[in-house]
Structure formats: structure tokens, C-alpha cells
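Chains as they are written, first to last, in the working numbering: chain A, 290 to 673; chain B, 290 to 673.
Please keep in mind that the hints were generated in silico from the structure rather than gathered at the bench.
One should not assume that every hint holds.
In this list, chains with the same sequence are indistinguishable; a pair is considered to hold if it fits within one copy or across any two.
[Unchecked claim] Pairs of lysine to any residue residues, derived as SDA-like cross-links and limited to a Cα-Cα distance of at most 20 Å, are as follows: (1) Lys363 x Ala599; (2) Lys363 x Asp298; (3) Lys583 x Leu340; (4) Lys537 x Leu410; (5) Lys626 x Pro668; (6) Lys633 x Leu657.
2 protein chains.
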Amino acid sequence: MKLTCTQSDLNSNLSLVSRAVPSRPTHPVLANVLLIADAENQCLELTGFDLSLGIRSNFPAVVETGGSFTLPAKLFNDIVSRLPDGNITIDDDEGEAIATLTSTSGRYEVRGMGGEEYPELPKVEEGEVIYLPPEALINGLKGTLFATSPDETKQVLTGVHLKVQKDGLEFAATDGHRLAIVKTESVAPDGESEVEEIEEFEVTIPAKALREIERMIGMDQSSEAVALRFDEGQVIFELGEQCLTSRKLDGQYPAYGQLLPDKFTNQINVDRKQFLGAVERIAVLADQKNNILKCSIDSVNQEISLSVDAQDVGSGRESMAAQISSDEPEEIAFNVKYLIEGLKAIPSASEISIQLNTATSPVVLNPLGGVKMTYLIMPVQLRN
Amino acid sequence: MKLTCTQSDLNSNLSLVSRAVPSRPTHPVLANVLLIADAENQCLELTGFDLSLGIRSNFPAVVETGGSFTLPAKLFNDIVSRLPDGNITIDDDEGEAIATLTSTSGRYEVRGMGGEEYPELPKVEEGEVIYLPPEALINGLKGTLFATSPDETKQVLTGVHLKVQKDGLEFAATDGHRLAIVKTESVAPDGESEVEEIEEFEVTIPAKALREIERMIGMDQSSEAVALRFDEGQVIFELGEQCLTSRKLDGQYPAYGQLLPDKFTNQINVDRKQFLGAVERIAVLADQKNNILKCSIDSVNQEISLSVDAQDVGSGRESMAAQISSDEPEEIAFNVKYLIEGLKAIPSASEISIQLNTATSPVVLNPLGGVKMTYLIMPVQLRN
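From just these sequences and the hints, can you work out the full model?
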């Protein structure tokens, strides 16, 4: 393998695929990135893989001799990121376990391993494929990822559940305490499959992989549709010259639709930023005690008040105007953390609606306009 | 005590003085900031103090009733920083251990302690005073602070040694492995003492206090001289409406002047950025082994080469043009960490000189032009 590419191409693609390299690899070669020099297409392909999440990226290179090799991801990254602008030549000296990096400033020899020792990235050859508009994907992820469970024992709850339906996409995430749902515009048809029927399906994808997809779309300048392929065990996202593979999360995702009440007896419309600001200030004191905030609903004065009483530390109270159509309850309590996270994730909308029935039944937040998001939280029951 | 001030004034001054509040206070009241409302001068004074370092700041406020009170620094800070723009009223309800904060958005009650429980900040009434131009102070600190020892048992080595001389200021710091010295322009005379003789003196000031001074000067827009007062045990810096007090470090500072060789048999002039870039790349591999970098001096080709050989990992070599007047040695070795820190701290100059005698005697780096800085490092002795 012998090739020449630019420092900036190598650096950006290397830092991208390195995000899939595990910090504690189960096998030494997984601490490396795989380099495949393709003489026919004159490009270099880099791969990072932790056996669950894989990232692959392709970019132009002048390939003199094709071949493959692996190099320690961190060391390779650390050297390349510090090299000056200009061309870098990589040569694995055929059969030696050493690659030579030559740049305008100097020459480095780095010990690696043969490409044949690196595991194959999973392929999906006979699965479904669907094309997702990047903006819909971003909105769906921003509105749900935060509500996934960080607890690895929680299985499907560590991922986002994606439903592809005829009339659009539905993203959902819940950690058992709150539930976030985003519905986005219809699935983008592929150029060639415009007339084909869209197959309905559901899949649960690990949050870790989706956070990387969110980053990759954020860095990508194009607005090209993202292809999502999947079969029994794997999903693959394709974005231009980059792809990300991930195992699917097995198991039945909770039937979250049943949790949403059919109707509500109370509705409060309030300015999102003003409400969030007040909750964040109240949270400073709530944090000193049990993280619980009380919300009083005054339909006569069309005003809501947030309050906290942290004995021995202090207390606080904020009030703001709201449009209230309500009879009861007059008081309801929340965990500030769940409220803050939901209010931050509700995108763009300046106003939100808070709908509820009793002080002990699910509360639903929706933005008024903008992205179609639903955020459900359970109130905290107060003992008197 | 009852007063009204703006959120932005309170917020910026509070975060400044909070930097002196200890995270693990030896006495409960030290976790608080002291507020003194001065009705006569219509201002609010805030103080944070850990018994060694103290920061005090003064700003305009509408004071209805003068008095003093203390509030928990972190909680107070967290609430104030989240309050909206506009006025904040603080009222300690005379005798109650609670202060009420009222802003446009809400009302908070925070438990505090009386001002009389807060220790007095040290005063220097009959000591020396000297006026330092802020730019000279900044240059001196940037060029030396990094070379102080972080090891609290190292006493005077945890501080910067400041010599005030007739012809200027000298800053010095050493941790026993390297030594940094900066000489700056002459001491700024005070408006009133222009004709007075400048008293020569020396003082060692804890790095922690000087890092705060560096920050305070950085945030200050004015170019007013900084007053430095000191007596037997304390130093006080005065910057406009702010002041910082610190204990001095006791003990004899090493006679570092003796460490600097009188003359050198070898001199190498090299581009600072190019040299630093190469050292940082070589450091990636040196970091895998013993942090040692070899430097070969080729006076025939007027070139220096940096190299590292980390067995089992890899090796690297960088060469660059240099102006060399040298016979011997041909090879010298350094700890990359000390080299990188020194090269980063040498300010503004595009070229540096490296002066040395043998491969085992002190090496001195100087910028060619700009700030007068001297950086001395001991080479590493290589066993063959």
C-alpha cells in the first residue's frame, strides 16, 4: 500500500472514524483504524469499529499501490492532526508491520497490523432501504435523544424508536420517567423509487450511534437524503461518502402511544423561554433539596407561579402570565430536571401548551407551531 | 441593609470575588461572600476570602439602608447569574438570618449569616507601595507562572519571585527542573511620587493569587497602573475598584542568577513556531516512552533534527533550517514537556536563540526581540 493525500482530508476523516474506535478494545486490532487504499478508484477508505458501532469514510487519494493496513487510532490521529498543511505519503513497506508517514516537515514510522486482521464491517444486502431528509432526521433526534436511558441494562430504552409510516416518520424515546415523541415530514423518496409504495416498519437504534449520525449530518454541507438500510440485526446509515453501521436493539419497544391521554381537562399556554428561565432559577434551590418544584395555576388571574422551599437554605417564587383554561388542579409538582430537559429540547417554538388532567396523571407539553413534538412527564405526588 | 443594583453589575462582581471563596471552607462563613452596603458612597462592596487569598470589589448601588450581610457564594451566584437583566433589590430584613432578593421575575429568600462573623481582610497600612504598568505585569506573569511548582510542599517554588529594581521589574519562577525569567520595563511612577527614588525590594507571591491578577487585568479595560502594597506578611494589588490580597511566601528564594552560565560556546537560531510544531509532533511518540527527544545539531548543513525512537510503537524525525555557530556537542536530549511549555510561553517573537555549552550543562532559550525572557532547562543525560 502506498498513497498520497492531503493533511486536511486525512485529518478530518480520521477524527470522524476514530469516534467508533473503542477506548478499551476487546481485541488489540480494534484500537486501530483500518486503511484501504483503492488504486482503481484512487481513494483511501478509513474504518473504525467497536463490533457494535462502525464508521467508514472515503476520500480521494493518489494511490500508487493498493492494499490495506491498520494503525493505532489515537497515535495516528495525534500525529496527523499536528502535521502542517500539505501532502502526506503513507507507505506500509509491503509486509513489514510498520507504516511510514512522510510529510513536508518530517518522517514518522508507526507500528501497525495487517488489514486482514481487522473484522469485516456488517453489510446489509437484502434488507429494506429508506431515504430520510437530513432536516427531518435532525429534528427527530434533537427532540428525542435526550430522553433515552443512559443505563445500559435498560435495553431498548437506551435507543430511539423509529417508526416509518406512510405519512411520515415518528421518533420516540423514554427512560421510564418521561417520553418524547417527534413526528416529522414524510419520508423522502429516492430518485428512482418515487412511485414505489413506502414499506411501514419500526426499528430501535442505540442512542450512541444516533449521536454520531447527528454530528455527521451537522458537519455535512449537503442536503442530500440519508439512506437507511436495515435487516434483522443491523442498521446502516449512508451519507455521501460516509457510512455508519450499528446493531439494532432487540426486544419489544413499549407501546408508548397508550400512555398519552385522549383528552385533557386543563390547558396552559405559556412563553417557552420565560417559563424555562424561571424553572432554571427555581432549580438552583430545588437542587439543594429534592429537585421538586411546585406549580400553582391561577385561572382567575391567568397566571402561573413556580415555587420551591428548601428548608435551611432558602425559598423562591416566580410568577408569569399564562393563558389558562382550567378548573382543577390548582397545584401540581414536577421534577425540575425532567422539566428543564424537555423545555430545552422543544425546538424553535416561542410558546408551548401544557395539558393535564389531575395532579397525579400524565402531563403533556407541546410546542405551539414548529416541529411536532410531544413531551410527556409524570407529576410528582406531594405528601402533605 | 437594603439596596438596589443591576443584575449585570452584581453578576460580574460576584463571579469575580467568588474565585477566592474556598471549595472546602475551614469555617462555614468562608463559604459565603460578604456584602457591605455603603449608604454614604452609594455602593456595594463584595468580598471573598479563603484566609490566604482575598478578592474585594466595589460597584455603584442605590443604598437605602447601609449594613453588612453574608450569603452562600455558590447559591447566590447560581441564582443571580440566571436572573434576567434589570434591577435586583437585596434586603436582609434587619436581624433575620435571611436575605430577600427581588428581581423583575420573582422573589428569592436565601439564608445567610451576619457580616460581623466574616473575618477581616488583611490591610497593609505602613508598607511599601509600587505602581506597576498592567502590560509589564501581564508579560511578566505569562512568561513565568507556567514554571512554578504545583507541589504545595515546595514552598517558595509555588510562587513567582518579583524583584523591583531601579531599572525595572524582574519576574522569576522555577520548579527545580527549569527556570523562567522575564525582565520588563521600568516601574511606573505614581502621579504624585514622580521624583521619589524607587526602593529596591524582593517578594515571592503565590501563583494562585497571581493567576487571579492575570485574569483581573485581562478583564479590565483600563490601562491604569496596578498598585502593589506589601509589608512583612501580605501583598495587596489594587486595580481600580478591585483589590486582591494574598499572603507572601516565606523563605529564601533560590539564588537563580547563579544558574545562568556566563558564556556559551554554541548558539542556534531557529523559527519558534516551526520548532514548536516539530517538538509537539515528536512529543506524540515521546509520550509513549520516556518523554525524551533527541536534538542533532548539524553545523555543516546549518540544520537541526529532532528525533524520537519509541520501541514497539514507532519512531519519528523532523529537520529544519537553523543558523548554527557551534563545534560541539552534536547531540543533546530534552524532556519534551519542559521544551513545549517554554516555547509556548516565549511571547510574540518569531525567532528564538538556543544557547548551550556541553550536552550535560544548562541550555538557555531567549526570544530574539520582543519581551526579555530567559528560559533555562537542563538537558537529559543519555546513557548509551
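Legend entry - Which numbered hints fail: As far as the earlier hints go, only 3 is violated by this structure.
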